[in-house]
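Visitor: Residue numbers (the numbering used here), protein chains in the order written: chain A, 1 to 285; chain B, 1 to 320; chain C, 1 to 370.
Quick caveat, the hints were computed from the structure, so don't treat them as lab data.
There may be inaccurate statements among the hints.
Okay, derived cross-link-like pairs now, DSS-like style, lysine-lysine, Cα gap no bigger than 27 Å in a straight line [said to hold, decoys possible]:
(1) C:Lys153 to C:Lys111
(2) C:Lys153 to C:Lys109
(3) A:Lys109 to C:Lys17
(4) C:Lys153 to C:Lys122
(5) B:Lys208 to B:Lys311
(6) B:Lys307 to A:Lys9
(7) C:Lys14 to A:Lys109
(8) B:Lys307 to C:Lys14
(9) C:Lys109 to C:Lys122
(10) B:Lys307 to A:Lys109
(11) C:Lys111 to C:Lys122
(12) C:Lys195 to C:Lys167
(13) C:Lys14 to C:Lys122
(14) A:Lys140 to B:Lys72
(15) C:Lys153 to C:Lys195
(16) C:Lys261 to C:Lys153
(17) B:Lys311 to A:Lys109
(18) C:Lys122 to C:Lys167
(19) B:Lys311 to C:Lys340
Source: prediction; values computed, not measured.
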Amino acid sequence: MDQTSTFEKITRGILIVLVLLFFLFPIFWILLMSFQNNDQILRIPPSIAFEPTLQNYTALLTGKLETAAGDLDIAFMRNLGNSLLLSTCAVLLSLALGVPAAYAFARFKFRLGENIAFTLLSFRFAPPLLVLLPLSLYFKQLGLTDTYVGLIWVYQLICLPLILWIVRGYFEDISPDIENAYRIAGHSWWRAFSRIAIPLARPGIAAAALLAFIFAWNNFIFALILASASKQPVTVGALAFVTASGIQYGQIAAAIVLSVTPTLLLALYAQRYLVEGLSLGAVKG
Amino acid sequence: MALSDSVRSNMTLAAKSSPQTSAAARRWSMRRALPYLLSLPALLVCIGILIPFFTAAYYSLMRFRLNLPMMKGFIWFDNYISFLSDAAFWNTMSISLTYAFVTVTVELAFGLGIALLLVRPTRLNNAVSIMLLLPLMTAPALAALMWKLMTNPNFGILSYFVSLLGFDDFRWASDPRTALLTVVLVDVWVYTPFIMILLLAGLRSLPKQPFEAAALDGVPRSFVFFRITLPMLMPYIITATLFRLLDSIQQFDIVYSMTQGGPGDRLMVFQVQAYLEFFQYTNVGRSAALMIVLWAITYALSNLFIKHWLKLRERAHGPA
Amino acid sequence: MSSLELRNISKGFKSGKVLDDVSLSVDAGEIVVVFGPSGTGKTVLLRIIAGVQDPDAGAVVIDGADVTDSAPDQRGIGMAFQNFALFPHFSTFDNIASPLEARGTPAGKLKEQVGAVARMLKIDHVLGHAPRELSNGQKQRTALARALVAQPKVLLLDDPLRNVDAKLRYEMRLELPRLLRTFDAAVIYVTQDYKEAMALGDHIAVLRNGRIEQWAAPATVYRAPASVEVARLFGDPTINLLPCRLEAWGDGCGVTLFGRKLPVAASYLRAVGHDVIAGLRPEHVVVRETEMSSAIAFDLDAVMPVNVRSVLYLRGPAGVELLATVAESDAGKFGRGHRKVWIDFAPEDLLLFDAATGARLAPRTEARTN
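Please take these sequences and the hints and turn them into a complete structure.
Guide: Set out below in structure tokens:
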């Protein structure tokens with residue numbers, strides 16, 4: 001039953017366009033800026049038509065910037081590498097720790113499991129600094145400040161609850177009789193876990209891993225507190241970039257573009273999993 | 001129960017046989033231990049979180065400055081009590097609460113509106129909703145940077161637009177009058193899609209019958225919206241609101257990236273304040289106390305939320 | 001030595017005790033049907049035997065070895081689930097092959113054995129399909145094939161015909177015993193359908209309230225049910241139950257039914273004075289069109305054709321209701337009902353149950369049930 005009038009259709013269309021404009025314009029504009037040199041950027045009024053240049057990107061990629069004041073070394077590519085390393089390792093670790101735990105919580109009802117799940121869930125909403133500030137003192141004592149290992153461990157705070165949250169639901173959806181049948185057929189619990197439970201829960205694990213990666217990549221405060229310049233991911237690195245003197249705005253824009261592109265591409269590629277993961281299983285479908 | 005004699009005699013014979021072997025007993029205890037073994041790593045992470053947490057609580061009861069280690073000592077709740085008379089604390093409280101409520105309200109209204117626009121599952125609407133997810137996927141710190149560039153008074157495109165409207169010297173985040181507006185804007189840009197996606201899923205999962213019945217009865221659309229749609233959507237709205245409130249009141253990335261709390265202390269939200277207390281003033285005691293206060297607020301809210309969310313999950317998955 | 005033995009199995013949940021001191025034994029090649037209405041713990045019993053659930057007390061013994069604490073993969077059992085529980089991401093072939101794969105059977109032999117079982121169950125043409133492409137009947141036979149392929153000593157079948165259409169269910173009821181006999185396993189078959197129980201079982205264990213109410217051959221369960229409930233569960237249409245009193249008359253005893261005094265066997269003497277429930281199976285009620293001195297007058301309310309019989313709904317003196325069955329060929333005599341008929345029955349056909357306990361009063365002349 002569709003009684004939308006033409007007027008309504010047009011209004012709806014206009015509104016959607018406006019909404020799209022609002023949400024996509026910044027990304028578009030920064031992208032544009034990344035292909036401009038300083039003169040083009042500073043030109044008033046700004047115009048869309050201009051001669052694009054790749055100098056910003058080459059500067060970032062080669063790590064060398066020629067300015068009037070001399071050559072500057074930019075370690076931005078290092079930041080990109082850090083982001084990649086930290087996010088990937090954090091997600092892999094949280095999968096290794098979280099998927100078996102999610103299975104335990106789904107299949108066995110035990111007091112400790114409920115407590116762990118509740119604690120991790122409740123700390124998802126706790127202020128990070130509450131844990132990070134004392135942690136930074138501990139890290140200093142343990143010599144873990146400014147190490148990849150320390151950071152990857154701390155990133156578990158972000159990734160692990162997510163994995164547990166999402167994957168547990170998927171395990172619960174698999175009928176336990178299928179695993180029972182597999183065990184009765186003569187296979188050990190480990191094979192039942194790895195050959196039956198995990199393959200059947202694969203969409204959930206993928207959704208969780210994807211979200212965990214994006215959240216880890218986008219993280220700012222953890223790295224700000226616990227990492228020094230050489231280990232910083234792009235989120236912190238880009239900020240440092242901006243406050244350093246003599247950096248050209250085009251490069252800042254290019255740095256931002258390089259920093260957000262991975263997560264945006266991931267999001268587009270796996271949007272099916274994203275929506276489910278974002279609503280964290282609270283909403284079916 | 002009637003059993004043949006032969007069966008009965010078999011049973012009495014067998015009942016006298018020896019108890020289980022130690023190998024079987026070992027297997028039994030392995031089965032019992034399995035769930036604990038599997039969740040051991042998660043337990044470690046849990047402990048890894050709880051230890052700093054209790055440490056923070058401990059420090060909050062102390063006078064503790066990193067640059068004055070000799071002065072370290074217990075002062076019990078003095079840190080908290082001093083907050084009550086501290087203008088800076090109340091400033092933080094009011095800014096944080098204002099920020100939280102404004103952002104959540106705007107995002108809720110905005111997100112609901114967009115969800116209603118896109119409710120029909122056409123290919124176009126689905127494509128649009130995917131595109132709208134992109135701001136949510138950008139790191140808030142980077143989003144703030146993007147907006148910082150766009151609001152730069154010299155070359156920012158938004159400054160330009162605004163100057164066309166007659167505001168020649170709009171300073172955005174540098175101006176105490178418009179700083180809050182600016183960060184709220186960034187927050188809205190990043191997080192509205194979250195509410196939208198949640199409410200859209202909720203809207204699409206609503207049963208069709210009430211709406212079809214209302215259409216048949218010729219019920220006016222506003223009535224349908226306020227008396228049918230909204231009440232049925234309430235669980236999702238509550239979920240989305242609590243989620244965002246909890247995150248918004250602890251916002252750090254956007255504010256820090258934008259102005260580090262400035263201009264002055266115009267944007268001094270909780271976590272930024274705590275961060276500065278710790279790293280600039282090295283006042284561990286005070287920053288810990290500040291975080292405990294924030295934690296207490298979020299704990300109360302999140303408890304509400306978790307219970308509600310668990311109920312929703314139970315409905316979807318069956319009793320946990 | 002029996003292949004499978006259950007000793008004093010008990011299991012309780014928050015809702016109550018589901019199995020209370022259950023014991024039974026099954027020999028190789030024997031089919032024991034565990035029968036009972038839904039929710040009586042039959043599935044729990046199977047799970048305990050299979051090892052996926054632990055009993056609160058008791059032992060499971062397979063071939064003389066106590067396996068109560070063994071994991072499911074150590075017990076050498078084959079099980080077919082009610083909802084099939086096929087592995088959705090494996091092909092039918094891999095589903096069936098799974099037990100052989102677990103035992104490390106070499107590929108050639110594996111293929112051979114899977115093929116043999118599949119042929120026996122007539123699913124060899126769908127071996128390459130995924131479970132979601134199979135019909136319910138094919139899924140059920142795949143589940144069966146998977147349970148059988150490794151020639152287990154113990155076979156557990158959890159109501160396998162429940163989710164299968166009527167025609168196939170009837171076919172399988174004939175095929176299954178033949179199939180199961182070729183495997184010589186100890187079989188426990190769980191069902192809620194009494195006809196299935198009687199068709200398949202060498203022995204029937206009637207499970208009620210967590211206990212085995214009767215353990216006997218099918219014919220015995222039907223002819224000499226241990227209690228009112230068992231009598232009620234076995235029989236279609238349900239047995240007629242008539243409360244009355246066992247009284248002493250002269251040398252013997254009898255009951256008064258429908259205003260008539262009916263003598264019963266002297267061996268019931270010891271229960272004289274008790275309230276009893278007299279059970280009369282519908283097929284034992286002889287319905288006559290014409291009046292006879294020995295017959296009792298009843299109103300015939302309705303005639304309902306059911307398969308090859310018709311059920312007659314009778315109403316008698318004092319409003320007592322009675323069901324009788326007649327052969328289809330005779331049904332025509334009674335038209336649509338609404339007429340008077342005269343019923344007769346042999347007092348020996350009466351089953352007497354203690355009104356208080358529900359247990360059947362077995363006349364002493366009857367042999368011990370087994």
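Visitor: Confirm or reject each hint.
Guide: Here is how each hint holds up against the structure:
1. Distance hint between C:Lys153 and C:Lys111 is fulfilled; the C-alpha atoms sit about 21 Å from each other, no more than 27 Å.
2. Restraint check for C:Lys153 and C:Lys109: satisfied, since their Cα atoms lie roughly 20 Å apart, inside the 27 Å limit.
3. Between the alpha carbons of A:Lys109 and C:Lys17 the distance comes to roughly 20 Å, so the proposed pair stays at or under 27 Å and holds.
4. Of the pairs offered as hints, the one joining C:Lys153 and C:Lys122 holds, with about 23 Å between alpha carbons and a cut-off of 27 Å not exceeded.
5. Restraint check for B:Lys208 and B:Lys311: the C-alpha separation of about 23 Å stays at or below 27 Å, so the hint holds.
6. Annotation: proposed proximity of B:Lys307 to A:Lys9 is violated, straight-line Cα distance about 41 Å (limit 27 Å).
7. For the proposed pair C:Lys14 and A:Lys109, the alpha carbon gap of about 14 Å is at most 27 Å, so the pair holds.
8. Restraint check for B:Lys307 and C:Lys14: satisfied, since their Cα atoms lie roughly 23 Å apart, inside the 27 Å limit.
9. For the proposed pair C:Lys109 and C:Lys122, the alpha carbon gap of about 19 Å is at most 27 Å, so the pair holds.
10. Distance hint between B:Lys307 and A:Lys109 is fulfilled; the C-alpha atoms sit about 18 Å from each other, no more than 27 Å.
11. Simply put, C:Lys111 and C:Lys122 have alpha-carbon atoms about 16 Å apart, close enough for the 27 Å limit, and the pair holds.
12. Between C:Lys195 and C:Lys167 the alpha-carbon distance is near 15 Å, which keeps this suggested pair within the 27 Å criterion.
13. With a C-alpha separation of about 43 Å, the suggested pair C:Lys14 and C:Lys122 falls outside the 27 Å cut-off, and the hint is violated.
14. Distance check on the hinted pair: A:Lys140 and B:Lys72 sit about 18 Å apart at the alpha-carbon level, within 27 Å; holds.
15. The straight-line distance between the Cα atoms of C:Lys153 and C:Lys195 is roughly 26 Å, inside the 27 Å bound, and the hint therefore holds.
16. Taking the CA atoms of C:Lys261 and C:Lys153, the gap is near 55 Å; set against the 27 Å cutoff, the hint is violated.
17. Between B:Lys311 and A:Lys109 the alpha-carbon distance is near 17 Å, which keeps this suggested pair within the 27 Å criterion.
18. A hinted pair counts as satisfied when its Cα atoms are at most 27 Å apart, and C:Lys122 with C:Lys167 qualifies at roughly 16 Å.
19. The hinted pair formed by B:Lys311 and C:Lys340 fails the criterion: a straight-line CA distance of about 62 Å is larger than 27 Å.
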